[in-house]
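Using the sequences provided together with the hints, build the complete structure.
2 protein chains.
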Amino acid sequence: MNILKLKTPYLIFLGSEENKLNAKTGAGLVEWRPELCKAQFNLTESGLDLGLPRMSIAQAKEAGIKSLIIGTASIGGGLQDEWMDALVEAAQAGIDIVAGLHNPLNGNAALKAASEKTSSSLIDVRTPPENLPVGTGIKRTGKRILMAGTDCVSGKKFTALSMERDMKKRGLNADFRASGQTGIMIAGSGIPIDAVVSDFIAGAAEQLSPDNADDHWDVIEGQGSIFHPGYAAVSMGLLIGSQPDAFVVCHHASRSHMDGWESYILPTIEQVIERTTDIGSLTNPNIKCVGISVNTSGMSEQQREDYCADVSKKLGLPCIDPHVHGTDKIIDTLVA
Amino acid sequence: MNILKLKTPYLIFLGSEENKLNAKTGAGLVEWRPELCKAQFNLTESGLDLGLPRMSIAQAKEAGIKSLIIGTASIGGGLQDEWMDALVEAAQAGIDIVAGLHNPLNGNAALKAASEKTSSSLIDVRTPPENLPVGTGIKRTGKRILMAGTDCVSGKKFTALSMERDMKKRGLNADFRASGQTGIMIAGSGIPIDAVVSDFIAGAAEQLSPDNADDHWDVIEGQGSIFHPGYAAVSMGLLIGSQPDAFVVCHHASRSHMDGWESYILPTIEQVIERTTDIGSLTNPNIKCVGISVNTSGMSEQQREDYCADVSKKLGLPCIDPHVHGTDKIIDTLVA
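So the sequence lines, in the order shown, correspond to chains S and X. Okay, so the first sequence: first residue is 1 according to this note's numbering, each after it adds one. Okay, so the second sequence: first residue is 1 according to this note's numbering, each after it adds one.
Honestly, I wouldn't trust all of these hints.
Same chains, same names: a pair is fine if it fits in one copy or spans any two.
[Claimed, not checked] SDA-like cross-link-like pairs, simulated, lysine to any residue; straight-line CA separation at most 25 Å:
| hint | residue 1 | residue 2 |
| --- | --- | --- |
| 1 | K139 | S263 |
| 2 | K288 | D278 |
| 3 | K139 | S256 |
| 4 | K7 | N131 |
Calculated directly from the structure, the hints in this document are not laboratory data. Predicted model, so just to flag it, every value in this text is computed and none were measured.
So this is what it looks like as structure tokens:
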């Protein structure tokens, strides 16, 4: 299995961030993987509190922390000068540095020099692993469910993480499989599928959900939309390689057009079901849609319940807002 | 337009090759672009004759040759030690070196050093240009026809080159657009689409066939097959980004299964037409199939004519073997 892997536990690095909105990665890690987040690091006393113990780099080393995760996105998305002393100290202490920034960690000379003297790795979660294979299309053991979308940013990662949590609560054997950078940080492993060279995207998806126990579910984070004028090929490669038994369509209820591609009308949920089934049946003839996950933010409770009931009735499938309802109704259909 | 561009005219480099089958690239260049092939270079007197004047590197420089194209594939697909003196001499003379080998030219220290002292560029046609954009899906001027396939290696490049030649013969305004390494060498420009990072594949295809005159046809080399378990995402990105008005389905008549993926039955021509139309209509609602191009090698003349007549009758579209019939019947449908 050729995927990125992060060492645990984590120190969440927040720099001098004071606003939680800029620290979605750090907050997401604390929400979804609290057991792996041992401490947080702030440059300032007034810095954002994620509810974790505050530690210096030396204390983190002493506490057995293995990875420092940059959990905040600065303006411009790059490394900040004021971060460097602490990051270099961590690398010198043999702690891995993990980031999903626009400029790679390996491009920073001081960090690179420090890491080369120790066992510290600089891990850019936007950089796919090397030597990914071409997709084989060969059937794998275990079961897979993939998040499909009517668009980008339609709740695929949130739905997949919610399903993993709700499935585990019932005692089901399930693991979230991350295909994007934030998901990889949360999962501690994965492949940034959209950064993979096109020839190898189906092969990368095959690596992401390898053979597993017959009762095991890979809950795979989707990417883009099969109807997206920029990213459809990413969605297709992930679909073909994942060979999912089931999929969920994720949708933002208030959206009428592709986000950022305003001349493109959003496909209907029905269109996404039909196209995903058609294409997915190449590598898994039994593929089927098991539910709809909708982001209903901005709706009143009554509007939300009416909307979900309408979609559910029309399609004969459970329709939920995972933020409000959880994903149990979809899991009921999945295991039925 | 962000694509690879080769300087002309060419010296075709054949090393000590004696077998034309190993020099498909060189032979293809001489077949499709004789006006650009000024000379050939052989290390041995008994070397393969492509019908071009033989020149030394010094003579090539004197004759105004701008690019040396490695036109033969060695065993293993890499640079050969015995080639290096001549290649270094060419780089020292300021001649570009162009190759589609498995190991990049830039990885050879002697070549790199020589090229850095002159204006010579080392061009690996397997390496895409940098800074490709994400696909916009915005409608472009001019017209486009794309080769689709039931499989890889089904005659897409040959059909596209044949169509370009036959269209030009009639005075139509047409250009072959190369999406693979051999095609790029023949066209002198293009993008190796399968080597592009997935996020940018539709954007790369948009760069490959930019805005053009209203009467102009881009004849775009296809890649893979929309039904391929390894490469479907490549075919999809190229399709979405090309926004073709028309497409041709290319098929190898004797093949029953995907070449190298023997557990996958070949899709039917009808399935490829339907799926290509469905997906392509996202960026061009007027997309339609205008013909079928079949490789009938191994059939008798009678078998071939019966086969093409059957397909044509069944689908209501022209069906030709471009090696035998040329592509005029498809062009008739295209311009109708």
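We went through each hint and held it up to the structure:
no.	hint	result
1	K139 x S263	between (39 Å within a copy, 10 Å between copies)
2	K288 x D278	both (10 Å within a copy, 20 Å between copies)
3	K139 x S256	between (37 Å within a copy, 20 Å between copies)
4	K7 x N131	within (21 Å within a copy, 32 Å between copies)
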